[in-house]
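Number of protein chains: 2
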Amino acid sequence: MITRKILLTEDEMPRQWYNILADIKMNPPLGPDGKPIGPDSLSKVFPMNLIEQEVSQERWIDIPEPVLDILRIWRPSPLVRATFLEKALNTPAKIYFKNESVSPPGSHKPNTAVAQAYYNKEFGIEKITTETGAGQWGSALSFACSHFGLECKVYMVRISFDQKPYRKSMMATWGGNCVASPSTETKAGRDILEKDPDTPGSLGIAISEAIEAAVSDESGKTRYSLGSVLNHVMLHQTIVGLEAKKQLEKVGDYPDVIIGCAGGGSNFAGIAFPFVHDKINGKEIDIYPVEPVGCPTLTKAPFVYDHGDIARYTPLLPMHSLGHAFVPPPIHAGGLRYHGMAPTVSQLVTEGIIEPRAVNQIDAYRAGIILARSEGIIPAPETNHALACVIEEALKAKEEGKEKVILFNWSGHGLLDLVAYDKYLANEMQNIELDESEIEESEKVFADFPKPEIIKNR
Amino acid sequence: MITRKILLTEDEMPRQWYNILADIKMNPPLGPDGKPIGPDSLSKVFPMNLIEQEVSQERWIDIPEPVLDILRIWRPSPLVRATFLEKALNTPAKIYFKNESVSPPGSHKPNTAVAQAYYNKEFGIEKITTETGAGQWGSALSFACSHFGLECKVYMVRISFDQKPYRKSMMATWGGNCVASPSTETKAGRDILEKDPDTPGSLGIAISEAIEAAVSDESGKTRYSLGSVLNHVMLHQTIVGLEAKKQLEKVGDYPDVIIGCAGGGSNFAGIAFPFVHDKINGKEIDIYPVEPVGCPTLTKAPFVYDHGDIARYTPLLPMHSLGHAFVPPPIHAGGLRYHGMAPTVSQLVTEGIIEPRAVNQIDAYRAGIILARSEGIIPAPETNHALACVIEEALKAKEEGKEKVILFNWSGHGLLDLVAYDKYLANEMQNIELDESEIEESEKVFADFPKPEIIKNR
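Each protein sequence line maps, in turn, to chains A and B.
Each residue of the first sequence is one higher than the last, beginning at 1 in this note's numbering.
Each residue of the second sequence is one higher than the last, beginning at 1 in this note's numbering.
Here chain A stands alone, though its shape is the one from the complex:
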């Protein structure tokens, strides 16, 4: 009988994160004057120890002991051989997934939430503000803050706040305080509400609110935390791929294909970056970040300099962007409704090291049902996008008669997102695609910004 769960002991857990900035050159973030920003300009937003990590070029960065201690609540996470899916698809491919749904908040997000809460605490911060889309990130940060005695304030995108009331309860259970965004608590929120009182909200808006709430606290004891996009977030997530690598070694396998869904990029980066290192050094691997056709940042939008939020509080980041004022359509995968993409992920796409794919939501949920009825776990809407791609690749391997090794990241469970499954099963789900004119329109906002350099690392 094939062993399904390839486990690591707590002693075998990685003690260092992998920093991809040691392996790729990047365009720098720019300030309002169009010049590269220095660390000081972000010091009201983030604690200095995280800013230093954001710009570090060290390949390996030690994971602090108190962070490891909390990660051990659910880590190392299992690497699972998806024997029931393989059987359902009758494919010769060997399919493995990293099960990140086992964390208490239910996704990969606490990998960085715990680290960020730790560094903030170390720096003397008492309160953290943040945004959340589907609620996974806000839950993860509430969970992390409860361990370090930090106050946690979450601005949750209005449409998800209304659709997923349980997420607010979850945050409250861990002591977090969650409000719908746009809110009346910030200038950014009030401005949006004045223009459009019925807006569904967006991550771009919620980020503006959370940053404003942090920098406007005159005590100086509040900072902002971002759950994706930034370099240090990608860094913290690499524990996923580093564990997976060790686990695959135990069974003598190495992936031919790696797949992760991509909203801001951190779940994808977590599983992929340690293998991107190998690819840069000559390994042949197909690496696919998967996004929704309803928010096609990597597959349809250009590589530009743009802001991470609608109020333009963030620096200009070199990334694929649909425009900082873009409000993505209300697809069910709230975690994939973001106009931008991690600069590191964007850079890798630009030079062809990874190849983005886009999936429509009906195909995503069809895949989710297949997985729920074979592997058991009900996947998060975001994960479903990766799953559609996994099934496609597994069937391709069958056509080609190849015993490919496919590795993907099961980023979270969908237990608080079941309404969308009802819709799918009742045949009431619709695909949402953007038309070209909408994209052209939304991209006007960065027309006058500086353009990033085209850098080739391979």
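Just so you know, not all the hints are guaranteed correct.
Heads up, the list lumps identical chains together, so a pair's fine if it works in one copy or across two of them.
[Unchecked claim] Derived DSS-like pairs (lysine-lysine); straight-line CA-CA distance at most 27 Å: (1) Lys245 - Lys5; (2) Lys423 - Lys127; (3) Lys246 - Lys5; (4) Lys250 - Lys398; (5) Lys300 - Lys25; (6) Lys5 - Lys250; (7) Lys87 - Lys127.
Bear in mind the hints are in silico, worked out from the structure with no lab data behind them.
We have chain A; now place chain B onto it with these hints.
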């Protein structure tokens, strides 16, 4: 650093269940004529292979390979040293829990659901009917049926059906079909609705409907499945305690105290029975089943012969019972709202081998919050009752200055039960206690039934 998660490999998973009937003599179930029933009288309700298992006296029963194969989706489950709880309570006690929340449906229930679906399939059955309280059992059986290609029909207690709509979605995702009980689909349901159209429903009512739906299917291809109470259900759950025993051996510990919440008794039996065997053979262990004060079957009701359901479709079972027509008050722990108790658990209480405890729901949720903010996992409302007792025992150990080993069963997570946490956090939760006259009234129904013999096994 103390290892938190004590793991077993899939190869170390128990290959046999422990059958407590080899170690204790019991009163037999009785038919309508007051005489012990034979296996044939249940053949329209259960498949014969499960009926044989129900009455088996073999101490060890092999777990079939196809059952093991599916259990391996989440088993062996981790035994966790609750280091963060120990620290929060500053107790010298060593606290361990078996984490049964890691199964796809989120509780211990699939341990028996998978086995029951397998035996039904083997016997040529095509459809299974059942009841569910909070929804954990209906979800588990839907999950199990999806693996064996069986149709699954679930009658869900009305109050939970309304409070927890996500449970229905979960069952549907696995292909199960769930309706609110009482329904208009059965005579039992219609009779109740006629008398009391606004009834919140009860497990006793839902059981009647599910049995009726099974036995009235003229094709003969439908059977009923029960998620607790019966001997074979307790048997299937013993894998929990058997794993825990192996895991504790690995770290050189043995429990002084064992705690599990008890509704029908299966979660408690799962963790406790393999240790009850040791206690009968001379080991000193305090073993506590914990129930809500709002449904005090073991702590307030007598040991009698009574039916398992309101329509009196089941045989007379020797058990602690509040009366088969009793509709428990709407406490949040839906899985603990049952008038009866497993005959095996009842027998052990009767002879003092285990000692029942009762907890009110505010204390239960207070404990749940302490656990969520220390150990991370948000507990199910049922689990919260066990947790209140765990905390009490851990604080007692502190007072006494004793390094006791406490083992408990984390029966499930509360991710689909978060509304009650909101209530608790808003100080809107109330304790619900029965007054003596209500209990006296409800117990009249079994006044004329035969009385069980008092049997002492120790």
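Hints versus structure:
Proximity of lysine 245 to lysine 5 under the C-alpha cut-off of 27 Å is found in both arrangements, the shortest distances being 14 Å within a copy and 21 Å between copies. In the homo-oligomer, the alpha carbons of lysine 423 and lysine 127 lie at most 27 Å apart only across protomers (25 Å), although the nearest pairing inside one protomer, at 38 Å, exceeds that limit. In this assembly of identical chains, the alpha carbons of lysine 246 and lysine 5 lie at most 27 Å apart whether taken from the same copy (13 Å) or from different copies (19 Å). In this assembly of identical chains, lysine 250 and lysine 398 lie within 27 Å of each other by CA distance solely inside one copy; the values are 25 Å within and 43 Å between copies.
For the identical chains of this complex, lysine 300 and lysine 25 are intra-copy neighbours only, at 24 Å inside a copy versus 72 Å across copies, given an alpha-carbon limit of 27 Å. Taking CA atoms no more than 27 Å apart as the test, lysine 5 paired with lysine 250 passes in both settings, with 11 Å inside one copy and 20 Å between copies. Only between protomers do lysine 87 and lysine 127 lie at most 27 Å apart by alpha-carbon distance; the minimum there is 23 Å, versus 49 Å within a single protomer.
When the structure is compared with the earlier hints, no violation turns up for any of them.
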